[in-house]
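Asker: Read off the chains here:
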Amino acid sequence: MLLALAPGAFAFITPEAGGSPNANSIDDLYKIVLYVAAVVFVVVEGALGYACWRFSRRRHEVAEQTHGHTGLEIGWTLAAGAIVVVLAAVTLLKLSSIRNPPNSDASGASLASAGGALYADSEQKPPPNGKRLEIEVIGRQYLWQYVYPGASNRDGLGAPYSYEQMVVPTHTTVVLDAVSMDVVHSWWIPELGGKIQVVPGYHNFTWFKIDKPGLYRGQCANICGQGHARMIASVRAVPPAQFEAWLESQKREISEANVAAAKTRAQLESEGAEKP
Amino acid sequence: MATYAAPVPQVAAHRVEREARGWTSWLTTTDHKRIGILYLVTTFVFFILGGTEALMMRLQLGTPENTLVNPVTYNELFTMHGTTMIFLFVVPVWAGFANYFLPLMIGARDMAFPRLNALSYWLLLAGGIVFYASVFWNPPSAGWVSYPPLSGIQYSPTGGQDAWIYLIHLTGLSSLIGAINFYATIANMRARGLSWGRLPLFVWTVLVYAVLLIFALPVIAAGVTLLLTDRRFGTHFYDPNAGGSAILWQNLFWFFGHPEVYIMILPGFGMVSEILPVFAKKPIFGYKAIAASSVTIAFLAFLVWAHHMFTTPIPTVVLIFVMMSSYLIAVPTGVKIFNWIGTLWRGSIDFKTPLLFCVGFIALFIIGGISGVFLAVFPVDWQLNESYFVVAHIHFVLMGGAVFTVFAGLYYWFPKMTGRMLSEPLGRLSFWLMFWGFLATFLIQHVMGLDGMPRRIYEYPDVGNLALYNLISTIGAFILGLGVLVTIVNVARSLKVGAIAGPDPWKANTLEWFTTSPPPVNNFDVIPTVRSAEPMKDYRREIERVTGPREPASVIAGAGTAGPAGGPAA
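Residue numbers (this note's numbering), protein chains in the order written: chain A, 1 to 276; chain B, 1 to 570.
Since the hints were derived computationally from the structure, they do not count as laboratory data.
The reader is advised that the hints may include incorrect statements.
Among the chain B residues that face chain A by a calculated CB cut under 10 Å, a handful are [as the list claims (entries may be wrong)]:
# : residue
1 : 141
2 : 145
3 : 154
4 : 158
5 : 328
6 : 450
7 : 460
Taking CB as the label site, the calculated pair distances span [as the list claims (entries may be wrong)]:
#  : chain 1 : residue 1 : chain 2 : residue 2 : range
8  : A       : 89        : B       : 222       : 34 to 40 Å
9  : A       : 271       : B       : 64        : 44 to 50 Å
10 : A       : 181       : B       : 222       : 27 to 33 Å
11 : B       : 64        : A       : 125       : 36 to 42 Å
12 : B       : 157       : A       : 264       : 29 to 35 Å
Where a beta carbon is used, it is the ideal one built from N, C-alpha and C, also for glycine.
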């Protein structure tokens with residue numbers, strides 16, 4: 001339990017955590033495995049080292065001609081089995097806190113809603129009260145795109161989106177629905193939990209709930225081509241009011257850009273029509 | 001049998017045919033020993049190539065934001081490195097050792113199908129040449145796992161990916177034919193008295209290796225054939241835009257890929273189980289447990305493939321099943337390690353180079369096994385998967401595991417293959433350089449992964465301690481490389497000036513030491529009869545019985561030193 005007393009000193013042999021409850025639960029689970037592993041490591045490596053030291057030719061001239069010991073064989077098979085059972089039990093106990101998101105806090109963003117059903121075959125449970133902010137993560141060579149709820153058109157188009165940096169409200173349960181446009185990618189922001197493979201043709205889900213405003217960095221974790229190393233991602237958590245303002249400005253900028261683009265297109269088309 | 005008097009008394013020495021000489025004899029040979037040497041030399045050449053690629057990657061990663069190699073070259077390097085080490089070194093190097101020693105260890109004069117045996121080798125070489133020929137055009141760059149759609153025609157349009165597919169086909173065929181040959185040889189050609197319960201443990205593991213290959217290879221063969229038809233003949237097995245599934249590939253690949261892990265390590269386990277008793281001067285501890293655990297591992301190996309796919313969209317119930325089966329596989333693996341330590345316990349350990357490599361292997365493999373338990377806990381794997389933690393894990397089991405046992409085997413059997421001993425001081429130097437170099441390279445990679453560094457990236461930003469960790473890893477890699485180089489020098493030197501070995505330099509247990517070093521073409525003039533799991537010990541005892549009593553233990557142990565000698569008391 002030395003490790004528990006000095007968490008700072010051992011931080012470099014534990015995963016990144018601290019951004020979201022699922023990342024923290026994974027970190028807790030990791031530490032339990034680490035304690036068990038540390039004991040096994042010391043005992044087994046110790047026995048190996050002791051045997052090499054004590055029974056070297058210099059210290060132990062005559063080898064004992066034994067062929068085995070059935071009791072010992074059964075004993076260490078059972079011991080290894082017992083460790084395995086304990087680890088499995090701990091994992092199953094921790095599983096729901098990693099897999100299933102909690103409710104948003106009262107101070108969370110009002111945008112978190114029960115709408116937008118998750119897919120029927122989805123393994124991602126919604127939070128108990130069903131309210132979450134659902135963001136679609138789209139992976140493509142070599143850029144992440146995030147599509148937010150709030151489509152203006154009935155066909156679902158016109159939703160605000162952003163690239164590379166995802167902006168999210170604090171104290172709000174955010175569920176990510178990840179798809180790929182081309183090859184296999186992997187979404188990973190270490191401080192916000194585990195990674196999910198983003199496979200074309202499939203939906204994959206994860207979630208996080210951030211209490212502390214701040215910037216959380218990550219990058220694509222599955223080889224996706226020559227730009228893989230530069231396919232970075234980040235999540236910026238801001239207070240809910242600020243988030244809603246940002247979303248509005250994003251919407252406005254996108255629609256302004258669309259209007260400008262339409263104008264340019266019309267101009268180009270009319271020029272093109274004049275020419276021949 | 002002995003009472004029969006031949007009408008024409010004559011002593012038939014080795015076969016009267018003149019031994020084939022010259023380089024053409026190597027092209028036409030069907031002698032299992034020569035094919036074994038061809039295998040070993042070829043695979044070691046590929047080991048050097050794969051190692052050079054690894055060092056180039058480590059050079060690139062030595063400093064953050066390095067521009068030594070460009071991203072395309074880097075992707076080609078890790079694809080070539082992984083593919084070379086797995087398909088052209090570790091898997092076939094066991095075929096090399098098994099080719100040379102399996103017939104000798106079971107008292108046979110050759111493999112069951114000598115011509116097929118030659119075919120296996122030439123298919124391997126063809127696969128290697130096809131693959132490396134791509135270096136002159138465009139090497140593959142989708143990683144050794146080649147996940148589609150990245151490995152599809154749209155994202156990997158060059159022929160390099162096709163060269164990779166042909167490599168899998170050719171080496172797969174080579175391994176499959178070899179595996180059938182090993183199985184047939186073990187099943188049918190054992191010496192009189194060599195029952196299953198007396199089979200050397202290396203032979204047991206080659207048997208399991210062969211069975212695993214026979215079951216696993218057709219799956220990858222099918223997988224890459226679908227990839228080939230997707231790429232070149234307009235099918236859509238892996239194309240999600242036309243109703244195919246990119247995850248189908250992952251299932252097929254890892255259904256082969258996980259048994260492949262045991263294919264790569266089990267013969268090494270067997271080798272360690274042969275070498276430890278010889279240098280601890282003590283029978284193997286728990287022969288039956290070790291043999292049984294190999295068979296158990298082989299069975300479980302087919303139930304765990306999805307632990308490579310924990311982050312894909314798969315149902316929780318599958319995750320839990322695969323986690324449990326992956327845990328289970330730790331039990332027989334642990335049993336082996338305990339039995340090896342039990343073999344050393346109360347022995348009289350002679351720290352010759354083969355034993356050093358075996359003990360180094362056990363020490364490193366324990367770490368690889370433990371990091372494997374972390375990865376089997378699927379929520380923890382969600383953090384660690386595809387990070388440098390996994391890179392560290394795979395190298396602890398494959399480099400610290402398989403490659404250290406390859407070196408143990410090389411030092412142990414080199415005298416049998418060449419008739420000359422390798423130098424002990426150079427061997428020890430090579431071991432310690434490799435051991436500490438290995439630890440420096442890969443221990444720190446666990447930490448990089450925990451800090452969030454993904455694998456297969458050609459550059460990384462200078463944040464936290466990443467630059468320091470990577471520099472340590474790079475320095476370690478070059479120390480490791482130096483250690484390998486020392487062994488190459490040792491081999492080259494000992495071929496000319498090594499001490500003459502004689503038939504049985506280690507006072508070993510198994511039948512290959514019954515014949516001369518190197519063995520004659522027909523291996524044995526008289527096939528020895530086997531009365532226990534340690535036939536050579538029986539023969540030595542019989543000779544002692546005839547020629548006189550055994551010398552006192554202290555003299556045999558070579559303890560000419562004065563002072564209180566440690567007795568047999570524990």
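Asker: So, for every hint listed, does it hold in this structure?
Answerer: So, going through the hints one by one against the coordinates:
1. Taking 10 Å as the C-beta cut-off, the interface hint given for residue 141(B) holds, the closest approach to chain A being about 7 Å.
2. The beta carbon of residue 145(B) is positioned within 10 Å of a beta carbon in chain A (closest approach about 8 Å), and the interface hint is therefore held.
3. The interface hint given for residue 154(B) holds, since its Cβ lies 8 Å from the closest Cβ of chain A, which is under the 10 Å cut-off.
4. Because the smallest distance between the Cβ of residue 158(B) and any Cβ of chain A comes to about 12 Å, over 10 Å, the interface hint for this residue is violated.
5. Look at residue 328(B): its Cβ gets to within about 7 Å of chain A, closer than 10 Å, so that hint holds up.
6. The beta carbon of residue 450(B) is positioned within 10 Å of a beta carbon in chain A (closest approach about 5 Å), and the interface hint is therefore held.
7. Checking residue 460(B) against chain A by beta carbon gives a least distance of about 7 Å; that is within 10 Å, so the hint holds.
8. Here the CB-CB span from residue 89(A) to residue 222(B) is close to 38 Å, well matched to the stated 34 to 40 Å.
9. Separated by about 48 Å at the C-beta atoms, residue 271(A) and residue 64(B) satisfy the suggested range of 44 to 50 Å.
10. In this structure the supplied range 27 to 33 Å holds for residue 181(A) paired with residue 222(B), their Cβ-Cβ distance being about 28 Å.
11. One distance hint, 36 to 42 Å for the beta-carbon pair residue 64(B) and residue 125(A), holds here, with the actual separation near 40 Å.
12. For residue 157(B) paired with residue 264(A), a C-beta distance near 33 Å keeps the hint of 29 to 35 Å intact.
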